[in-house]
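Peer 1: Based on the sequences and whatever the hints tell you, model everything.
In order, the protein sequence lines correspond to chains W and D.
Be aware that the first sequence starts at 18, since it is given in our numbering, and climbs by one per residue.
Be aware that the second sequence starts at 298, since it is given in our numbering, and climbs by one per residue.
No lab work stands behind these hints: they were computed from the structure.
Among the clues, some could well be false.
[Said to hold, decoys possible] With a straight-line Cα cutoff of 20 Å, these simulated PhoX-like cross-link-like pairs (lysine-lysine) come out:
| hint | chain 1 | residue 1 | chain 2 | residue 2 |
| --- | --- | --- | --- | --- |
| 1 | W | K21 | D | K318 |
| 2 | D | K450 | W | K264 |
| 3 | W | K20 | W | K204 |
| 4 | D | K344 | D | K373 |
| 5 | W | K118 | D | K450 |
| 6 | W | K115 | W | K21 |
| 7 | W | K41 | D | K337 |
| 8 | W | K204 | W | K214 |
| 9 | D | K401 | D | K337 |
| 10 | W | K97 | D | K320 |
| 11 | W | K115 | D | K320 |
| 12 | W | K97 | D | K306 |
| 13 | W | K32 | W | K22 |
| 14 | W | K22 | W | K176 |
| 15 | D | K440 | W | K115 |
| 16 | W | K21 | W | K135 |
| 17 | W | K344 | W | K65 |
| 18 | D | K344 | W | K65 |
| 19 | D | K318 | W | K41 |
| 20 | W | K97 | D | K440 |
| 21 | W | K21 | W | K97 |
| 22 | W | K176 | W | K214 |
| 23 | D | K306 | W | K41 |
| 24 | W | K97 | W | K115 |
| 25 | D | K306 | W | K89 |
| 26 | D | K320 | D | K373 |
| 27 | D | K440 | D | K450 |
| 28 | D | K318 | W | K97 |
| 29 | D | K344 | W | K97 |
| 30 | W | K20 | D | K440 |
| 31 | W | K118 | W | K270 |
| 32 | W | K22 | W | K135 |
| 33 | D | K337 | W | K65 |
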Amino acid sequence: MKKKKYHEALYDYIKTGSQGLVVKINGRTYRFRHPTTEDVTGSNDFAKYELEKSAYLLASCLQSAGGFNVGKELRYEIVKILLQTPKFSDRVSPYFWKSLKEAQDYASFFEAFCYTAKSRNLWYDWQQATRFGFNLFAQDFPLTDLQKSWISYNQQEDKKQEIEEEWSRSFFVASSMNSKGVQKIQKEWDRKREKEKEYREKLIEEANKGEIITEEKKDEIKHEKSVDQLQKEYHDWVEGKEDLHDKAVREYKDQIQRSLENRRNLISRQIQEAREMAEQVQELNSLSIGSPIRAYTDDEVAKMTQDRQKNTISFDEGLEYAEHLSKKYLQSPRLPGQSMPSLQEQIQNRPAPKIER
Amino acid sequence: MTLNLSQLKELMSPLTQVCQKEKVVDIVGTNVTIKYLTPKEELEVQKLLPSLDEGITAVEFADVFRRETLARSIVKVDDLDLRGISEIETGEILPNGKAVSISKEEAVVQVMDGWSKHLISKLFEHYGVLSEEIEQNLDDTLKLNVTDEDTEKANLQSRIDNLERAEKLANLDFGEHEEEEVP
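Peer 2: Rendered as structure tokens:
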């Protein structure tokens, strides 16, 4: 079976609410989503034995049977059916957990996915759908942690874009008033933006290679450390003391915890960056507040220009200025034996002309 | 569209049918139909098993396990259909005129008390074969979007273990009943 690319998988997980295992029996398809922490807690609350826990989880996560959506209200009935069906839960549960494990592996690419155009396009679709009262996530269960993190990230990204636009406006105003002060901020701003762009591109590049991106890997990308400094994560567990369900649940919880932590870090970084950007825009604005833009009066203009030498270009009445220029530069005869001065030489030290009609 | 219970059951039927299989075993002229235990029934058996701390021997443990499993597995003996029956009348009548009833499982255990251990262990072997038949059914019909070699190996290993366990349980018995032939 062809392995999905990280961005395809994450796109599907976010859009479908983490659809995971798909089981086909004699032409009928049963689709299961990944469990939420509430499902896992519920399975432990429901029963002591693994068989019952597995049946509960499968029942909770059954999204559709034969193309029909299965509502929450039928969950208990499904548990009963599964507890009356030999072997099914036993046979399918390991794959259910495997599918979840795969999803968790893909979730390590969450940050890289957020930086892709695919993610942003899905975000615009989602916003559009929400604006018109549609539900892009056709799911009858609460938003998953992955979806929540994705929404938070994109909200912050939007905020950063707004600040960028505000920056451009402020830059325009401030640069005309205090160019030296603005230059310093501009350089700092550009440096940060360039660094962020490089970081994002590298992260996507790493994700495209299919390598799992750990926090250490991200640090390496940020700080440009050598590959040797990367440390792999190994998770050992005590064998033989737990059943499949307990093992899977523990691993699930650990992974969820790690993923949540990573996503929280990403979002808090986004918030921090947005805050810093806003501060810089404020600083930029304060530079122009000291000398705000205002129109000069005629007297002020006359005073400013009174001592300057006036260069007057005279041309025949009725002759257009364009024609005058054409005559002077294009149609004038070339003088032999004289080297033509370059345009740079011609305009060097030339005072600004004053045109009088 | 909101599904109701009967619609749900219909939609789930391909899944339940593949896993529910019965097997008719001829035991010295008696046709005994066995089914594979549901997870619910497996749990009942699990809860009834004596603790190893109770100083019980391997043979005694195997006896309880086979007896309780088969008590739930046997669904028909010749023409006596036990499907859907939870209680069976013993034929005795209480002084108040009420018929004495016992659970279906208890009734089957009482019937099995008259069978030799060898016969029971052979029937249990058929139960192991039935288990493997269902697994093969699932091999043929179950299609998943996830593949995992480790899980597949574990599943095959567990099936081998089941067959070996059934064989081991059979071998725990005495040799004196070898004259009884079970097809």
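Peer 1: Indicate, hint by hint, whether the structure satisfies it.
Peer 2: Structure-based check of all given hints:
1. With a C-alpha separation of about 37 Å, the suggested pairing of W:K21 with D:K318 is violated against the 20 Å cut-off.
2. For the proposed pair D:K450 and W:K264, the alpha carbon gap of about 18 Å is at most 20 Å, so the pair holds.
3. Proximity of W:K20 to W:K204 is assessed by CA-CA distance (about 43 Å); at most 20 Å being required, the pair is judged violated.
4. Proposed proximity of D:K344 and D:K373 is contradicted: the alpha carbons are some 25 Å apart, above 20 Å.
5. About 18 Å separates the Cα atoms of W:K118 and D:K450, which keeps this hinted pair within 20 Å; it holds.
6. A C-alpha spacing of about 15 Å is found between W:K115 and W:K21, which places the hinted pair at or below 20 Å, so the restraint holds.
7. For the given pair, W:K41 sits about 24 Å from D:K337 by alpha-carbon distance, which is inconsistent with the 20 Å threshold.
8. In summary, the hint linking W:K204 to W:K214 is supported, as the alpha carbons are separated by about 15 Å, within the 20 Å threshold.
9. Taking the CA atoms of D:K401 and D:K337, the gap is about 16 Å. The hint holds against a cut of 20 Å.
10. Between W:K97 and D:K320 the alpha-carbon distance is near 24 Å, which puts this suggested pair outside the 20 Å criterion.
11. A distance of roughly 33 Å separates the Cα atoms of W:K115 and D:K320; the hinted pair therefore is violated under the 20 Å criterion.
12. Of the pairs offered as hints, the one joining W:K97 and D:K306 holds, with about 11 Å between alpha carbons and a cut-off of 20 Å not exceeded.
13. Simply put, W:K32 and W:K22 have alpha-carbon atoms about 15 Å apart, close enough for the 20 Å limit, and the pair holds.
14. For the proposed pair W:K22 and W:K176, the alpha carbon gap of about 29 Å is over 20 Å, so the pair is violated.
15. Restraint check for D:K440 and W:K115: satisfied, since their Cα atoms lie roughly 15 Å apart, inside the 20 Å limit.
16. Proximity of W:K21 to W:K135 is assessed by CA-CA distance (about 15 Å); at most 20 Å being required, the pair is judged to hold.
17. The suggested pairing of W:K344 with W:K65 is violated, with an alpha-carbon distance near 99 Å, which exceeds 20 Å.
18. Of the pairs offered as hints, the one joining D:K344 and W:K65 holds, with about 12 Å between alpha carbons and a cut-off of 20 Å not exceeded.
19. Note on D:K318 and W:K41: the hinted pairing holds, with a Cα-Cα distance of about 19 Å set against a maximum of 20 Å.
20. At roughly 23 Å between alpha-carbon atoms, W:K97 and D:K440 are farther apart than 20 Å, so this suggested pair is violated.
21. Among the hinted pairs, W:K21 with W:K97 is inconsistent with the structure: their alpha-carbon atoms are about 34 Å apart, more than 20 Å.
22. Distance restraint check for W:K176 and W:K214: the Cα-Cα separation of roughly 17 Å lies within the 20 Å cut-off, and the hinted pair is therefore satisfied.
23. With a C-alpha separation of about 16 Å, the suggested pairing of D:K306 with W:K41 holds against the 20 Å cut-off.
24. The straight-line distance between the Cα atoms of W:K97 and W:K115 is roughly 24 Å, outside the 20 Å bound, and the hint therefore fails.
25. This hinted pair checks out: D:K306 and W:K89 have alpha carbons roughly 15 Å apart, not beyond 20 Å.
26. Among the hinted pairs, D:K320 with D:K373 is consistent with the structure: their alpha-carbon atoms are about 10 Å apart, no more than 20 Å.
27. With a C-alpha separation of about 17 Å, the suggested pairing of D:K440 with D:K450 holds against the 20 Å cut-off.
28. Between D:K318 and W:K97, the direct Cα distance comes to roughly 18 Å. Compliance with the 20 Å bound is thereby established for this hinted pair.
29. Using a Cα cut-off of 20 Å, the hinted pair D:K344 and W:K97 holds, with the two alpha carbons roughly 19 Å apart.
30. For a cut-off of 20 Å, the pair hint linking W:K20 to D:K440 stands: about 17 Å separates their Cα positions.
31. In summary, the hint linking W:K118 to W:K270 is supported, as the alpha carbons are separated by about 11 Å, within the 20 Å threshold.
32. Restraint check: the Cα-Cα separation between W:K22 and W:K135 comes to about 12 Å, which is no more than 20 Å; the hinted pair holds.
33. Of the pairs offered as hints, the one joining D:K337 and W:K65 holds, with about 13 Å between alpha carbons and a cut-off of 20 Å not exceeded.
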